[in-house]
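A.B. asks: Residues per chain are reported as follows:
Number of protein chains: 2
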Amino acid sequence: MIDLRNLKITIVGMGLMGGSLAGALRSCGCLLVGVDRDVETNEIAMARRLVDRATTDLADGVRGADMVILATPVRTILRLLDDIVPLIDHACVVMDLGSTKARVVAKMQSLPQHFQPLGGHPMCGRETSGIAAADALLYRGNAFVLTPLERTSGETLDLAHAMVKAIGAHPMLLDAERHDRVVAMTSHLPYLLACSLVAAAQMGAAVEDKVWNLAASGFRDTSRLAASNVEMMLDILLTNREAILRSLSIYRVQLNDLVALIEREDEDGLRRILNQCQQCRSGLAV
Amino acid sequence: MIDLRNLKITIVGMGLMGGSLAGALRSCGCLLVGVDRDVETNEIAMARRLVDRATTDLADGVRGADMVILATPVRTILRLLDDIVPLIDHACVVMDLGSTKARVVAKMQSLPQHFQPLGGHPMCGRETSGIAAADALLYRGNAFVLTPLERTSGETLDLAHAMVKAIGAHPMLLDAERHDRVVAMTSHLPYLLACSLVAAAQMGAAVEDKVWNLAASGFRDTSRLAASNVEMMLDILLTNREAILRSLSIYRVQLNDLVALIEREDEDGLRRILNQCQQCRSGLAV
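Order-wise, the sequence lines are chains L and Z.
Just so you know, the first sequence maps onto residues -3 to 282 in the working numbering.
Just so you know, the second sequence maps onto residues -3 to 282 in the working numbering.
Heads up, none of these hints are tricks.
A pair counts as met if it fits within one copy or between any two copies, since identical chains are not told apart.
With a Cα cut of at most 30 Å, we get these calculated DSSO-like pairs of lysine-lysine:
1) Lys103 - Lys161
2) Lys206 - Lys161
3) Lys161 - Lys4
4) Lys103 - Lys206
5) Lys103 - Lys4
I should point out that these hints are in silico values taken from the structure, not numbers from a laboratory.
Computed from a predicted model, the values in this text were never measured in an experiment.
Take the sequences, apply the hints, and build the full model.
C.D. replies: Here you go:
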């Protein structure tokens, strides 16, 4: 069993995910350093004792780190993978928490050999963002996808497993491309539906003044993801574009089928599809 | 202030909505009768003391009732509005809890003059159904739309207001047609998106076996409505078809816009729309 106690772990990006990770690792006894370009975020990280040290300086933050965890939007992760190369000349595990994995893993592949890279994606989140929303229990009970590279050593994988278990999550090994195809359907597509619903309701509200008064729990559940952090979602949409467009096209076929059944008042056809959806959704956790 | 204590109120349909209404009215001291064609439902209603009497016989249940509340799917409400005519020859308020109002109110218009009709739609629900899910607190804090007819007397409206307040809800007067246009957007459209999402994920799961493992809270929120009672939703789709098709068409324009922006990688265009949706959704209750 890997002992996290003697490690220096640097988390770059102390928002919701990074801040929550720091909080969750707090009891492991590792030395935790937080790096964020925002001074106020670092002050909060220190005030809440999420980290042992917080800095705006990447070079300072990663110095001597055994493990660097990049917890920013995906395109910032891609930039950081360039930025850390001249700053680290010792053996170092580099992991990320990015929402899409193919581009990150491809970039990690080009890191110098003293880096031990590994992709990661915890399957949890909130529609709030920033360190103010950080919660040490965010990861507990949730899946945490790990996307190793061919060059990722067994030791590095063991370390990642130990960290994932330490924060109460369940490690799940997955190929980066497969991960991206699956989350396009289960996460990115739902976000786009939620946004389109909100945009449609805004159009509706322009002619019917009671729309927001009657937006009850059903509307709120279905549209909740539209409140997600926009910069994070933009990076997702632009780094997982092909898989997302494929999911959208599958979705639009299903939606068009339902529209056609409603148009021709095909009660039996509707009942068959709606029952199938009802049974499928009822089988999932609430 | 209207006193509910001396009234005999009959609720027809003791499912989630009717059972919860009975539970919520329990402390008002009115005489409550439940009518349901399902014997077991009536047994549960009596065992949980939701009503003073439960019967499968509509004629028996509505005898001498001051107020009859129809709490079934919409097309059953339309049939019940025919069925009660030969059974009631005394002055009687007839109200319903149906999810669409135009067809119900049109039908109520043809009731004999000793009936005092009024449409109602509580803006709350659950994806569970049946009396087992009944909850006396279901209505508390939620809007309760009332759609009076021209023939609805001030006294009847006062009674409905008193009942709505007694169960902790907020009465909201609305024209039946307007109600239907608004809920097409805020409730029926979200249901269809949720179903299409589940259907799309089922297609995706046929080729990617990890789809259900990675369906995290975002997917679950967005798809939750797909677990709604199918017979209730079918009645909604078929009695509010035109308004629903109009909402779908507005929604599809918004979705197509997003797809086009993703296709041409228009980052600025995406950011503008997503920010607008983010701000709008963040302004709503969680």
